[in-house]
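S.K.: Here are the chains, one letter per residue:
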Amino acid sequence: MGTRIDWQSGRVTVGIEDPSAAAQAALRAAYGDNVDAEAGAAPDPHHTGHGSYDARRDDYDPPVRGGIRLTFDNWYRTGYCSSAFVAYRRGTYPDYYVLSAGHCAGGYEGSGQGRVLWGGRRLNHVTSNSFEDGSYSDSAIVPIRSAVRSRWVYVQPDWRAWQIHSSIPAMSEQVGHVTCMAGVYNPGTLRAQNCGTILDNNYNFFDTEYGHWLRRFVQMAGSGYHCRDGDSGGAVYAGSQAWGIHYGATRGNCTYSRIAYALQAHRLTDVVTF
Amino acid sequence: MAYVPDPREFGSLGFHLTLAERLELQTRMMMQAQGRELWAYASGLPDYAGMRLDHAAGGRLVFGFTDGVETHRRELLRRASHPARLDVVLAPVSREDLEAQRSRIEFDRERLAAQGIRLWAPESTGRAAGSLSA
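If you're matching them up, the sequences are chains A and B in order.
Each residue of the first sequence is one higher than the one before, counting from 1 in my numbering.
Each residue of the second sequence is one higher than the one before, counting from 1 in my numbering.
Treat each hint with caution, since some may be false.
Some chain B residues close to chain A (C-beta under 7 Å, calculated; not the full set) [said to hold, decoys possible]:
#1 Arg102
#2 Ser103
#3 Ile105
Keep in mind the hints are simulated off the structure, nothing from the lab.
Cβ coordinates follow ideal geometry from the N, Cα and C atoms, glycine included.
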């Protein structure tokens, strides 16, 4: 619902579309003095001190990597998400795409549905989106030029070229496996990546905002794999293997869709490993 | 600086890791497991405020309570399998009260919209105030 509790400060932050002094006052009068209204990407109280880290993920800094910020600007809304991996479709001249979450584009696709920006520059528009009722993946693809493709994931400021060597086959994950996520906001620190164990490897749930049932997703243990708004579309990986595309939090646990289903949905050959 | 995992290092986790990474992951997994066990105890208490894993501090578990910090600290230390990585702090508002406040706001979503206060939808915008999963 766009609200956040910070138990350390004892405050409730409400994300609203048009914050103003009047809105702030109305919320506090109705719900208490510890309620704040804000718009935009709120700094995470648990993970401050990463200003340069986040900013660099925002920069236009070729090649395209997993875990960088993409801005989806369409008629439905403008919002920030993350990139997952670069993938390709086999052909005489392979087509290259960057993967992200389908809901970031509001479930829509096509040039009439707006544009995707990278570091303030126009990247392209979404050409395929799998986000629909009953889908096995919440994924969308944006075409990119061959010259800016990479097999890298932006894990940390000094790990901006974490290499991906393969993608995991469908339904290969098991409960207890450790996997990691790189998104714009996730709080990986130093050599500790943002990782957690799988709680459920066949998780179906109802997306309340869009009214969709999504199936065969993977749910992570909440205490190790952190995620927040803006991480959607981020790269889920284990070692050098691509595992999925981050969806969001469901029942308080971070959840991702499988890379194999996303590739299948968009008729892609595989993630780029070259 | 580019980093490439050494393919000769194949840890018990089933994928390539350096020794340092394997130790780090194992520690984090250990702390996750401990966090779940202690949370099961702490979250049922009326003055429980929250728990988080302090990654910057190397994976320390931090529990917050609105009262009885020393009592809770003793009890959690007694139950902890790795007490050296455990902190207990005083928090201003209980989890129950914060959740109740949030629920009221979310329940009033339509009424607030009628007043011109439109809540951001989660995730898809990425601009909304998000929530940590921990």
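S.K.: If a hint holds in the structure, say so; if it doesn't, say that too.
M.R.: Here is how each hint holds up against the structure:
Below 7 Å, beta-carbon pairs count as interface contacts, and Arg102 of chain B has one with chain A at about 5 Å; its hint therefore holds. The interface hint given for Ser103 of chain B is broken, as the beta carbon of that residue sits about 9 Å from the closest beta carbon of chain A, more than 7 Å. For Ile105 of chain B, the shortest C-beta to C-beta distance to chain A is roughly 6 Å, which falls under 7 Å, so the interface hint holds.
In the structure shown, a violation is registered for the earlier hint numbered 2 alone.
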